[in-house]
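Q: Following the hints, complete the assembly by docking chain B onto the known chain A.
Residue numbers (this note's numbering), protein chains in the order written: chain A, 1237 to 1503; chain B, 1237 to 1503.
Check each hint, because a few of them may be wrong.
If several chains are the same, the list does not tell them apart, and a pair holds so long as it fits within one copy or across any two.
To be verified - Calculated cross-link-like contacts (lysine-lysine; reagent style DSSO-like; alpha-carbon spacing at most 30 Å):
no.	residue 1	residue 2
1	K1263	K1280
2	K1263	K1461
3	K1391	K1461
4	K1393	K1371
5	K1371	K1437
6	K1371	K1384
7	K1263	K1437
8	K1393	K1280
9	K1391	K1263
10	K1391	K1365
11	K1371	K1263
12	K1391	K1238
13	K1263	K1238
14	K1437	K1280
15	K1365	K1437
16	K1393	K1238
17	K1365	K1384
Hint data in this document are derived by calculation from the structure and do not stem from the laboratory.
Protein chains: 2
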Amino acid sequence: MKAQSKIENLTSQGKHVCVGLDTDPEKIPRYFFDYPNPVLEFNKTVIENTSHLAAAYKINFAFYERFGASGFEIIEQTLDLIPENILTIADAKRGDIGNTSMMYASSVFDHFSFDSVTANPYMGYDSAKPFLDYKDKITFFLGLTSNKSSSDFQKVKLADGRHLYELVITTIDGWNSNRNCGVVFGATNEDDLNRSMNILKAKYILLPGIGAQSGNLRSVVNAFKNSLHTDYLINISRALIYCSNGNDFPDLLQRTISDYHSEINNS
Amino acid sequence: MKAQSKIENLTSQGKHVCVGLDTDPEKIPRYFFDYPNPVLEFNKTVIENTSHLAAAYKINFAFYERFGASGFEIIEQTLDLIPENILTIADAKRGDIGNTSMMYASSVFDHFSFDSVTANPYMGYDSAKPFLDYKDKITFFLGLTSNKSSSDFQKVKLADGRHLYELVITTIDGWNSNRNCGVVFGATNEDDLNRSMNILKAKYILLPGIGAQSGNLRSVVNAFKNSLHTDYLINISRALIYCSNGNDFPDLLQRTISDYHSEINNS
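Chain A with its partners taken away, still in its complex shape (with noise of 0.2 Å):
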């Protein structure tokens, strides 16, 4: 299924939670050693007990690639646990000269088959154009970012009065010919979320930055509401895949989806 189709489908029925998998072993329930891969059967388990609510699974690539080889082979393992019908993000921010980032498309989009993948949008046009090439994937790209230091270089001001980051939605417009562009926005932001929601029109969003980060979630939900702008999801990590350290924890994902899905929908 398309990529474009799976994001549609699911933020029609309301479905706008992310689940971040940012899977760390010291942070998983103990009980999970008792199996021979515990991080995999960790994220089966997250998996099992959000899939009826989420719109999408995000997995970082960072907490499985400090293992090396072995971590990949959780990715390939975890994405064959994910429902089909939900979008899969490779959180992997790339970015790269072309025959450099035609490589990383092809790991993401031909080896892994994931549905879409973050980039960094720094260098540009054409370390952006082999993720674009593959129309039914889609790629956010890193528009104003969660973290402090966002402001370093994202909200310096250009000689034409905008943020950087603007400059960077607004390029991504010309780039979207395959309607497979979506951009990363920081939930953190709130000010500067609602000054772009004109920008942010005709793109798929990406907002970390909700629970740990301590977004405000029903302020970013009403600025979507009131722009009549759909296709955007919530990634919710650390606070929803670390709700609970024991034997409750399946339990406890559902009841934290299901409050992150009601108040998204309430708002």
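A: Leaving out everything else, chain B in the frame of chain A:
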């Protein structure tokens, strides 16, 4: 050995060639397919025939990751073949929020034991700090890259009249308390390089863009010689590792790196 010591030892001997291991099975001589692991055997031949003159080996993650888990095993096996005194560079263009960058840093420095990494500065200081905290490792931040579209954002004019890449390179000076910052500067940007020599001081410089990308080697080397800046690495990937398709490959590797080495030292 500290990464800083490695690079300084080698450049003080006039060694500046960084060998880019962008190994693509479709481009390597056919005879490597007689071996059980053609890519690894190819890398072994490249290393054996260039290590007498190489200052660094740069492993471009994209070319390995496309094979998933098995590609990461080849990275590990390749690193074992590189002599201890030569700098190793994880060319992975990293950069993410703090807790994720910490994982990436742990991956390249603890798991793989690379001496250095390339990083994307777009997310700012807190995305870079986990790399910089490894005092004896070098982080090369993208300044101005070698691709054509580097002009899209890196060369945008800021309100203060500078280009974005100049702000990035200058800002990095404030991150350099451990003297472990480097800058990636595309050799294809000859005029910008000459204008930037002043802000490149006291940082290790990695220059892609010579060879297949057509940067002017002599002009780049002279910019450094004129500024008495000795800690620079000229990356050569395709023009070196694909120098021959036949049985003369080992000999031609030696001749090609020797030619680059001589041209650098006689410029």
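Q: Please go over all the hints and tell whether each is borne out by the structure.
A: A quick look at each hint next to the structure:
1. K1263 with K1280: within (16 Å within a copy, 39 Å between copies)
2. K1263 with K1461: neither (35 Å within a copy, 51 Å between copies)
3. K1391 with K1461: within (25 Å within a copy, 36 Å between copies)
4. K1393 with K1371: neither (33 Å within a copy, 32 Å between copies)
5. K1371 with K1437: within (19 Å within a copy, 43 Å between copies)
6. K1371 with K1384: Cα proximity of K1371 and K1384: across copies only (23 Å, versus 33 Å in one copy).
7. K1263 with K1437: neither (37 Å within a copy, 42 Å between copies)
8. K1393 with K1280: neither (45 Å within a copy, 48 Å between copies)
9. K1391 with K1263: neither (33 Å within a copy, 42 Å between copies)
10. K1391 with K1365: Answer is both; intra-copy 25 Å and inter-copy 19 Å each pass.
11. K1371 with K1263: Only across copies: K1371 and K1263 sit 27 Å apart there, 37 Å inside one copy, limit 30 Å.
12. K1391 with K1238: The answer is neither: 34 Å in one copy and 35 Å across copies each exceed 30 Å.
13. K1263 with K1238: Close neither inside one copy (34 Å) nor across copies (32 Å); limit 30 Å.
14. K1437 with K1280: So K1437 and K1280 fail the 30 Å test inside a copy (35 Å) and across (50 Å) alike.
15. K1365 with K1437: within (20 Å within a copy, 34 Å between copies)
16. K1393 with K1238: Neither: 37 Å inside a chain and 38 Å across chains, both beyond 30 Å.
17. K1365 with K1384: This pair counts as both: shortest intra-copy Cα distance 29 Å, inter-copy 12 Å.
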